[in-house]
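J.: Residue strings, one per chain:
Protein chains: 2
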Amino acid sequence: MMVLYSYWRSTTSYRVRIGLNMKGLAYESRSIDLVAGAQRSEDFAAINPSRGVPALVLEDGTVLTQSMAILDYLDQRVPEPAFLPSDPTQRAKVSAAAQVIAMDIHPVNNLKVVGRLKGEHGASQDDGVAWMRHWMTEGFHAYMALLPKGDHVFSFADTPQICDICLVAQLYNAHRWGVDMSPFARLLEIEEAAMALESFQRAKPEAQPDAS
Amino acid sequence: MMVLYSYWRSTTSYRVRIGLNMKGLAYESRSIDLVAGAQRSEDFAAINPSRGVPALVLEDGTVLTQSMAILDYLDQRVPEPAFLPSDPTQRAKVSAAAQVIAMDIHPVNNLKVVGRLKGEHGASQDDGVAWMRHWMTEGFHAYMALLPKGDHVFSFADTPQICDICLVAQLYNAHRWGVDMSPFARLLEIEEAAMALESFQRAKPEAQPDAS
Numbered sequence: 066m067m068v069l070y071s072y073w074r075s076t077t078s079y080r081v082r083i084g085l086n087m088k089g090l091a092y093e094s095r096s097i098d099l100v101a102g103a104q105r106s107e108d109f110a111a112i113n114p115s116r117g118v119p120a121l122v123l124e125d126g127t128v129l130t131q132s133m134a135i136l137d138y139l140d141q142r143v144p145e146p147a148f149l150p151s152d153p154t155q156r157a158k159v160s161a162a163a164q165v166i167a168m169d170i171h172p173v174n175n176l177k178v179v180g181r182l183k184g185e186h187g188a189s190q191d192d193g194v195a196w197m198r199h200w201m202t203e204g205f206h207a208y209m210a211l212l213p214k215g216d217h218v219f220s221f222a223d224t225p226q227i228c229d230i231c232l233v234a235q236l237y238n239a240h241r242w243g244v245d246m247s248p249f250a251r252l253l254e255i256e257e258a259a260m261a262l263e264s265f266q267r268a269k270p271e272a273q274p275d276a277s
Numbered sequence: 066m067m068v069l070y071s072y073w074r075s076t077t078s079y080r081v082r083i084g085l086n087m088k089g090l091a092y093e094s095r096s097i098d099l100v101a102g103a104q105r106s107e108d109f110a111a112i113n114p115s116r117g118v119p120a121l122v123l124e125d126g127t128v129l130t131q132s133m134a135i136l137d138y139l140d141q142r143v144p145e146p147a148f149l150p151s152d153p154t155q156r157a158k159v160s161a162a163a164q165v166i167a168m169d170i171h172p173v174n175n176l177k178v179v180g181r182l183k184g185e186h187g188a189s190q191d192d193g194v195a196w197m198r199h200w201m202t203e204g205f206h207a208y209m210a211l212l213p214k215g216d217h218v219f220s221f222a223d224t225p226q227i228c229d230i231c232l233v234a235q236l237y238n239a240h241r242w243g244v245d246m247s248p249f250a251r252l253l254e255i256e257e258a259a260m261a262l263e264s265f266q267r268a269k270p271e272a273q274p275d276a277s
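If you're matching them up, the sequences are chains U and S in order. Counting in my numbering, the first sequence runs from 66 upward without gaps. Counting in my numbering, the second sequence runs from 66 upward without gaps.
Just so you know, these hints were derived from the structure itself, not from any lab. Incorrect hints may have been included.
With beta-carbon atoms standing in for the labels, derived distance ranges [what the hints assert, rightly or not]: (1) S:D98 <-> U:D223: 23 to 31 Å; (2) S:G184 <-> U:G89: 24 to 32 Å; (3) S:D216 <-> U:G89: 23 to 31 Å; (4) U:G243 <-> S:S189: 26 to 34 Å; (5) S:S277 <-> U:D152: 35 to 43 Å; (6) U:V194 <-> S:Q155: 28 to 36 Å; (7) U:G89 <-> S:E271: 48 to 56 Å.
Cβ coordinates follow ideal geometry from the N, Cα and C atoms, glycine included.
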């Protein structure tokens, strides 16, 4: 069985948990406590030299890292339900929306980045929260602007795609850090539709064995 | 003909220029001067609501954003030379290496992020440079740790793949900001091999019409 090194509140781990569930792939979950610094241990660095979660260990022992590369792997391994449309232009649009979250929001708000902002640049806890809210608000506006006209249950379609996976995981963080969601009612609708699905429900942070 | 909104020193624009050249696709280049803030103009926001470069306008007027989504589009449109291996596990490894650059380094060192560090958090110019060097150094170590054993001209193969495209563009920034490259001799070898190729030469910042 595959093993997923994960942390309940890590939104990139959350993405991979949703992906595994959507593809119907069973996995064993092992917790890496990011707040306690377990990702910096030498034992874990031997598994993932980037010292982050998620890391997915395949049946043959191969270790895959980087949540978006792992989701692409899952999509190659189990083509249905597809994370991306087959038309190249539509695919590029869905992929770009996913990357607004995965590149423009998440990395800048990563625990180690906000930690450095505080540790090296004297930012207070409140400054750190304001930093995170700023990039989420800016990114959600950009995401909204990419959404197509028309009536879809999810961002671009009636079934969830990779952008919805990234969005729902990021919204967990938005709620956690008190982002004003009043300009983003459409995103909350998408979240509600997603959370009605078992693949998303089982993946949510609060449902993980290491949740506290 | 396709139109690429680009800025000579933008490393994400550089990635797309390399990709277009590798696929043999002609394009017209239009400069968006990031330092002058041209990306924040209302005219440009109508083209790219994320207000960043690159943005690729297709022959039919469709606007594609996000450099990694654009590279994936180019790879779908013109399959050879392929940016990724066909084997799913190898593909995931090459993709993860690309994402160490595209997610763990670049977004955190983006002009707007470093600008906020200075503007809102009182960081000096030197602090900003130290910030960029830190994430590049950490990311290059993670990249090196992902490289396979064996004798390859590029990171994973004898022809450049998407990770090499991202790496070479990031190395431009590393040189610009004076990252100590002494631990990363292998990365400089890859850069040298890439810069011997016309597709990379023509894409380099100094070769762009808006270079100054």
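J.: For each hint, tell me whether it holds in the structure or not.
T.: Here is what the structure says about each hint:
1. With their beta carbons about 41 Å apart, D98 (chain S) and D223 (chain U) fall outside the hinted range of 23 to 31 Å.
2. A hinted range of 24 to 32 Å is violated for the C-beta pair G184 (chain S) and G89 (chain U), which are about 47 Å apart.
3. At roughly 40 Å, the beta-carbon separation of D216 (chain S) and G89 (chain U) lies outside the given 23 to 31 Å, and the hint is violated.
4. Against the hinted window of 26 to 34 Å, the Cβ-Cβ separation of G243 (chain U) and S189 (chain S) comes to about 30 Å, which satisfies the hint.
5. The hint said 35 to 43 Å for the Cβ distance between S277 (chain S) and D152 (chain U), and at roughly 39 Å that hint holds.
6. Distance hint for V194 (chain U) and Q155 (chain S): a CB-CB separation of about 41 Å, inconsistent with the stated range 28 to 36 Å.
7. For G89 (chain U) paired with E271 (chain S), a C-beta distance near 50 Å keeps the hint of 48 to 56 Å intact.
Consistency note: the structure conflicts with the earlier hints numbered 1, 2, 3, 6.
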